[in-house]
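We have chain A already, so just place chain B with the ligands on it with the hints.
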Amino acid sequence: MPDRPIKVLIAKPGLDGHDRGAKVLARGLRDEGFEVVYTGLRQTPEMIATAALQEDVDVVGLSILSGAHMTLLPRICRLLQEEHLDDVLVTAGGIIPDDDVPALKEAGVDEVFGPGTTIREVADYLRANVHPRD
Amino acid sequence: MAALGGDRRALARLLTAVENRTPVAEAALRELYPKAGRAHLVGITGPPGSGKSTLVAAIIGRLREAGRSVAVLAVDPSSPITGGALLGDRVRMQAYAGDRDVFIRSMAARGHAGGLSSATGAAAAVLDAAGFDLILIETVGTGQSEVEVAAMADTTVVLEAPEMGDEVQAIKAGLLEVADIVVVNKGDRPGAQRTAAQLRAMLVAAPKVGRGDGRPRPKAPEVLLTTAATGEGVPQLLAALERHRAAGQGSDAAATRLARAEAQVWAIAAERLRSRLHDPTHRSATASTLRAVADHDLDPYAAADRLLADVE
Ligand SMILES: Nc1nc2c(ncn2[C@@H]2O[C@H](COP(=O)(O)OP(=O)(O)OP(=O)(O)O)[C@@H](O)[C@H]2O)c(=O)[nH]1
Ligand SMILES: [Mg+2]
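As they're listed, the protein sequences go chains A and B.
The first sequence stops at residue 147 when you use this note's numbering, and every number in between is there.
The second sequence stops at residue 323 when you use this note's numbering, and every number in between is there.
Treat each hint with caution, since some may be false.
Taking CB as the label site, the calculated pair distances span [said to hold, decoys possible]: (1) A:Glu134 / B:Ala265: 55 to 61 Å; (2) A:Pro145 / B:Leu269: 30 to 36 Å; (3) B:Ala266 / A:Pro145: 33 to 39 Å; (4) A:Gly129 / B:Val304: 53 to 59 Å; (5) A:Glu134 / B:Arg75: 37 to 43 Å; (6) B:Ala124 / A:Ser79: 37 to 43 Å; (7) B:Gly60 / A:Ile108: 31 to 37 Å; (8) B:Asp144 / A:Gly129: 27 to 33 Å; (9) A:Ile108 / B:Gly242: 33 to 39 Å.
Distance condition first, Cα-Cα at most 25 Å in a straight line; then the derived SDA-like pairs of lysine to any residue [claimed, not checked]: (10) A:Lys36 / B:Ala108; (11) A:Lys36 / A:Ser79; (12) A:Lys118 / B:Ala240; (13) A:Lys118 / A:Leu28; (14) B:Lys46 / B:Ala36; (15) A:Lys36 / B:Ala240; (16) A:Lys118 / A:Thr84; (17) A:Lys36 / A:Glu95; (18) A:Lys36 / A:Gly53; (19) A:Lys36 / B:Ala274; (20) A:Lys36 / B:Arg103; (21) A:Lys36 / B:Tyr107; (22) A:Lys36 / B:Lys46; (23) A:Lys118 / B:Ala274; (24) A:Lys36 / B:Ala36; (25) A:Lys118 / A:Thr57; (26) A:Lys36 / B:Gly152; (27) A:Lys36 / A:Asn142; (28) A:Lys118 / A:Gln94; (29) A:Lys36 / B:Gly122; (30) A:Lys36 / B:Pro88; (31) A:Lys118 / B:Ile92; (32) A:Lys118 / A:Asp44; (33) A:Lys118 / B:Thr93; (34) A:Lys36 / B:Ala106; (35) A:Lys36 / B:Thr93; (36) A:Lys36 / B:Gln105; (37) A:Lys118 / B:Pro58; (38) A:Lys36 / B:Gly99; (39) A:Lys118 / A:Asp100; (40) A:Lys36 / B:Pro91.
Keep in mind the hints are simulated off the structure, nothing from the lab.
Here a beta-carbon is modelled for each residue, glycine too, at the ideal position from N, C-alpha and C.
With the rest of the complex left out, here is chain A:
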């Protein structure tokens, strides 16, 4: 565990216009002691990869409701790998059917949070799984 706050990017890829859930998560994680970079709506995979790189985050948390997760999430993971950000934890939440989860994990998503997940559960998962840095 780093002795500084864990830094998390909360981003909302895709074209749907609802960021309430992402904002609630961003504020909730702040209240759990995380440093949360919030980038808002309609993020392209390129924007997300650039932000993850420049901000040097420990975690990229993706909130996705648009149904385009099977194209967007693997693409984001690929871009992160291309930027050599392999040690960044990638999580996803929103509306993602269980059947899609294995393929997403295969593509590089570390964890998928279902609709009922509490912020505390997300925070605990991140604290336990973030990759240590030197």
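Chain B with the ligands only, in chain A's frame:
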């Protein structure tokens, strides 16, 4: 150093080390310091919601059209209770993904007062040495006392929005004193012209307010009008930044640089003194001296002299 040679991931990781004050960071800062000093450091400060981030985004756009590289340090407050922070300035600065000559970094203030984090100055030096032409430092949305950025930046821009009513009066006392350029943003809103006129009158009436470092201000700051949301007025702002920088090759700027150097060295010296006083050799002597002051058996001046003698 890869961070200075164009490796953006290495740059980002060095900034993290600087924020965390690691030994790696200190070694890197020592090595890169001679390479810094070329960038134009511009501070952007002003009340919450006045449009600082939107203006930064508009400035980036213009600078890129002119082919100049730009880095941003955007500071937001940390919660004093949890240590967490919500860093939201980036929301307005999205258009430059994939442009290697734009580098945006959010920083939590981590308990540091004054509108910046304690690592902001060192982070700016890193970006400076990495070769960015302009470095924009967006402070925490300020009340009126968060003026630290003025000591760090070559040019300080104070943002104001119209319809802030009484706040103009309040700001006069603090922020305006450190402004090199005053910008009334949200020029599309009613009252913007009037706010600008009020500020001009105020600044002409009191052109010689000190800069907080005791030196008189050479002349009243320019007051400009922008609409950051559309980019209107931004070319004029860039021209004013250039003018201020060009004028700043003179003795006033030399004094500013000297004051900045003193502040930096002083902060490091104070930090080193504190850590020596608490190292294993001095810890118990320091503790008993402090206890004597707490018990009023020793006055604080004598205690300070004793502690300084201890570490000589
Ligand atoms: N009408 C109008 N709105 C603007 C303008 N510039 C910014 N805004 C709006 O003002 C609000 C705040 O803008 P920001 O750029 O986030 O302000 P800020 O000063 O960075 O805010 P903090 O970082 O929270 O202190 C947003 O809703 C912007 O869209 C402008 O020129 N005209
Ligand atoms: Mg802002």
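Those earlier numbered hints the structure runs against, lowest number first
Numbers 2, 3, 8, 12, 17, 19, 22, 23, 24, 31, 32, 33, 37, in rising order.
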